[in-house]
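Please model the entire structure based on the sequences and the hints provided.
Protein chains in written order, with our numbering: chain L, 1 to 234; chain F, 1 to 223; chain V, 1 to 223.
Rather than coming from a laboratory, the hints here were simulated on the basis of the structure.
Any given hint might turn out to be false.
[Claimed, not checked] Dumping the calculated DSBU-like pairs for lysine-lysine here, alpha-carbon to alpha-carbon at most 30 angstroms:
1. L:Lys-208 / V:Lys-211
2. L:Lys-208 / V:Lys-66
3. L:Lys-26 / V:Lys-66
4. V:Lys-210 / F:Lys-160
[Said to hold, decoys possible] Some chain F residues close to chain V (C-beta under 7 angstroms, calculated; not the full set):
5. Leu-153
6. Val-157
7. Ile-166
8. Ile-173
9. Phe-207
10. Ala-212
11. Phe-219
[Said to hold, decoys possible] One side of the interface only, derived from the structure: several residues of chain L facing chain V at Cβ under 10 angstroms:
12. Asp-13
13. Phe-14
14. Gly-15
15. Tyr-16
16. Arg-18
17. Met-54
18. His-55
19. Ser-57
20. Arg-103
Cβ coordinates follow ideal geometry from the N, Cα and C atoms, glycine included.
So the chains spell out like this:
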Amino acid sequence: MTPRLSTESLAKDFGYKRILKDVTFKLNPGDFTLLLGKNGAGKSTLLTLLSGLMHPSAGSIYFEGKAMASDPSELRKALGFIGHDPQVYGDLTAKENLLFHARLRGRKNPNALVADALERVGLAKFANAQVKNFSSGMFKRTGIARLMISEPRLLLLDEPYTGLDYKSVSFFNDYLTNFAQGGGTILMVSHQLDCCFEQASRIAILEKGRIDLEHAQSEFNYQELIDHYQRATE
Amino acid sequence: MIREVWTILQKDLRLELRRSENFIAMFFFAFIILLIFSFALPSEGENHQLIAPGVYWVTFLLSGILGLSKNFALEKEMGCMEALLISPVSRGSIFLGKMLGTLIFMVLMQGILIPVFALIFYTPAIEFFWDLLMLSCATALGFSALGTLLSGLTTDVRFKEILLPILLFPLLIPLLLASVEVMASILAGQGIQGELDWLKLLIGFDFIFLIAAYLTFDFVMEL
Amino acid sequence: MNLTRSLGLVSALSLAITAWLVFYWAPLEQAMGFVQKIMYIHVPSVLVCYLAFFLSFMASIGYLWKRKESYDIFAYASAEIGVVFCAITLITGSIWGRPTWNTYWTWDARLTTTLILFLVFVGYLLLRRFVVYSEQQARFAAVIAIIGFMDIPLIHQAVTWWRTLHQSSTMFSMKKGVIDDPLKWMLYVSMVAFYIFFAYLLAKRVELEKKERAFKRQLANLE
Chain L
1 MTPRLSTESL
11 AKDFGYKRIL
21 KDVTFKLNPG
31 DFTLLLGKNG
41 AGKSTLLTLL
51 SGLMHPSAGS
61 IYFEGKAMAS
71 DPSELRKALG
81 FIGHDPQVYG
91 DLTAKENLLF
101 HARLRGRKNP
111 NALVADALER
121 VGLAKFANAQ
131 VKNFSSGMFK
141 RTGIARLMIS
151 EPRLLLLDEP
161 YTGLDYKSVS
171 FFNDYLTNFA
181 QGGGTILMVS
191 HQLDCCFEQA
201 SRIAILEKGR
211 IDLEHAQSEF
221 NYQELIDHYQ
231 RATE
Chain F
1 MIREVWTILQ
11 KDLRLELRRS
21 ENFIAMFFFA
31 FIILLIFSFA
41 LPSEGENHQL
51 IAPGVYWVTF
61 LLSGILGLSK
71 NFALEKEMGC
81 MEALLISPVS
91 RGSIFLGKML
101 GTLIFMVLMQ
111 GILIPVFALI
121 FYTPAIEFFW
131 DLLMLSCATA
141 LGFSALGTLL
151 SGLTTDVRFK
161 EILLPILLFP
171 LLIPLLLASV
181 EVMASILAGQ
191 GIQGELDWLK
201 LLIGFDFIFL
211 IAAYLTFDFV
221 MEL
Chain V
1 MNLTRSLGLV
11 SALSLAITAW
21 LVFYWAPLEQ
31 AMGFVQKIMY
41 IHVPSVLVCY
51 LAFFLSFMAS
61 IGYLWKRKES
71 YDIFAYASAE
81 IGVVFCAITL
91 ITGSIWGRPT
101 WNTYWTWDAR
111 LTTTLILFLV
121 FVGYLLLRRF
131 VVYSEQQARF
141 AAVIAIIGFM
151 DIPLIHQAVT
161 WWRTLHQSST
171 MFSMKKGVID
181 DPLKWMLYVS
191 MVAFYIFFAY
201 LLAKRVELEK
211 KERAFKRQLA
221 NLE
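And the structure:
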C-alpha cells in the first residue's frame, strides 16, 4: 500500500540553526497520528513543511508516492489544514469566506455546500455575520467548515481543539473518526491529550529534530504517556 | 485559471468596498500632495504646463505606494495568505488577482484625481480627460505588476514601509519618464500618440515586467 | 598556493604596473591634460561594475533554479563588489567633470543609468540586511537582482531619449574611436588589471562569506 504521506531525512534550517534534522516517517490511509513534543521542538514547522508552504532544507516529501518537490498541486488538492491563525477575512461574513474557498476549489453548488457545512458546525445562525466579531471557538469552527468544503484526503491539524466547547470537541472527533474510517489520513499536533488520545491510532514524538517514537496508540498507557510527555516538556 | 483569478479579484474588491477607508485614505493623501505642490511651486500659469506632468506622476507614485502596502497587509492579518497558498490555486493566479485589484483601484482613483488635479493645479487638463485616463491605465499596469511583486516580497520584512519605495522607485524610472513625456504631449494637444516612441517604451515596460513578475511571484510566495 | 592568494598577487602586480604606466608612460592628452588620466580608473570601473551585476544576475537565476547555496553566495559577493565599483565610477566621473565642464554632475545618459543601477543594487544590499539570514533572504535577493538587471536596457533607453530632449550642457564625449593609439593601449592594460583585481576580490569575498556562514552555523547548532 502506498503511504499517503511519507518523508525521507527531512531537514529544515531557520537561519543558521537546524530545527528539524532527520525526520523520516510514513502515514498510511486510515492513520490518525498524534504528534507530540516539547515547545520549540519543531512540530508546527513540520506541519508547515508538509503542507507545502515551505521548502525543506534537505530531504524529500512524498504524497501518494510522488515527490512533492516536483509537483505540489496534488497535495494541495487533497489537503485540509488547521493552523494557529484563523485564516479568515474579518470583513467578510462566514458565508462569504466559505464561498470564497468553495469557488476557489471549483466545487459544484457552492451555496448548498456552504450552507450544509455551516449547519453541521453549528454556525448557521451566524452565516451572515462578519467574522471579525467571532470568538476563537467560532473561528475554529469556521476552519472546520472549510475543511468539509475542501473534501480532503489528508488532514494536517495544529491545535485544532483550542477554544472549542465540549459539544464542538465531540462533534469534531466524530468527524475525524469518520474521516479516518473512510480512508483519510490525519496528523495532529495537540497538547490537549484528553480530547484526542482515545481517537488516535498512532503516537509520534518529535525530539531533537527527529521522530523518535512511533507506536500504535494501544501500546501506550494514557497515564504513562502524560508522565513521559511532562518529563519531555520540562 | 480565469475562475481562480476572478474569485480572488472579487474577494479583494468586496473587501475594499467594505473597508473603503483604504481607498479614501489613498485619495486624500493624493489630494494633500497636490495641495503641497500648489503651495510649494510658483503659481504662474505658464510654468504649470511644463511642470504639470511631473507633479501629476509624482502624486501618482506616492499615493500608489500607499495602496500597494495595504494589499498584502490584509492577507497577512489573520493568516489568510497561508490559506491561499495551501489551496490548489496557482501562484500565478494569486498574482494576477492581486495585481488586477490594485490596477482597478488605481485607475478609479485617477479617474477622480484628474478633475481634482485640473481644478487645483492646471485647468486645461480637464479637456484631455479621456486621453489622460487611458495613459493612467497603461502606467498603472506597469506600476501594479512590479508593485504587487515587490509588495509581496516586502510584506514580512523589517522596515517594509521604507524598503518598498527604495526598491520600487528606481525600477520604475523608465515608466515615470515615459509617462511624463506622453502626458506632456497630451497636454500640448498632440494626443496620446504624439510621443509614439515613449508610448512604445511604456507599453514595452508593462509587457516585460508583467511577465517577469508573473514568473517570479512563485519564488516570493514561499514562506 | 590556493587560487585566491595567487589571484591576489597577480592583481597587485598588474595594478602596480598599470599605475606606473599611467604616470610614466602614457602621454598627456592634448585637450584635457592630466585630468584625463582618471579615465584609466573610470572606464575599467564601469566595465567591472556591469560585469559584476551581470554575474550576480546569472547566479541569482542559478540559485532560483538549483537552490544551491554557492550560487547565492556568489550572487551576493558579486553584487556587493559591483556596488563598490559603481560608486567608484560615479565618483571618478564627477571628479573628471569638475575641471572639464565646471560642474560636479552632468546628466549624461550613461552616468545617469549607472546612478540608477547603483540605487537598485544598494536596495539589493539593504534587502539583504533587513531580511534575517535564511533561504528566504536568498530567494528575495535573487528576485530583486533579476528584476533589477532586466530593467537596465529600459532604463538606458529612457534616460538616453530623455537626455537628448533636455540637452543643456555639452555632450559628454567618451567616444573610444577618438582616442589615439598609445592611450588606447593604456586603457586596455588598465582594463585587464581591473578585471584581474575584480576576480581576486570576488574569490576573496566568496571565501569569506563561506567561512562566516559555516562558523555561524556551527555556533547556532551547538547542542
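For this structure, which hints from the list above don't hold up?
9, 20
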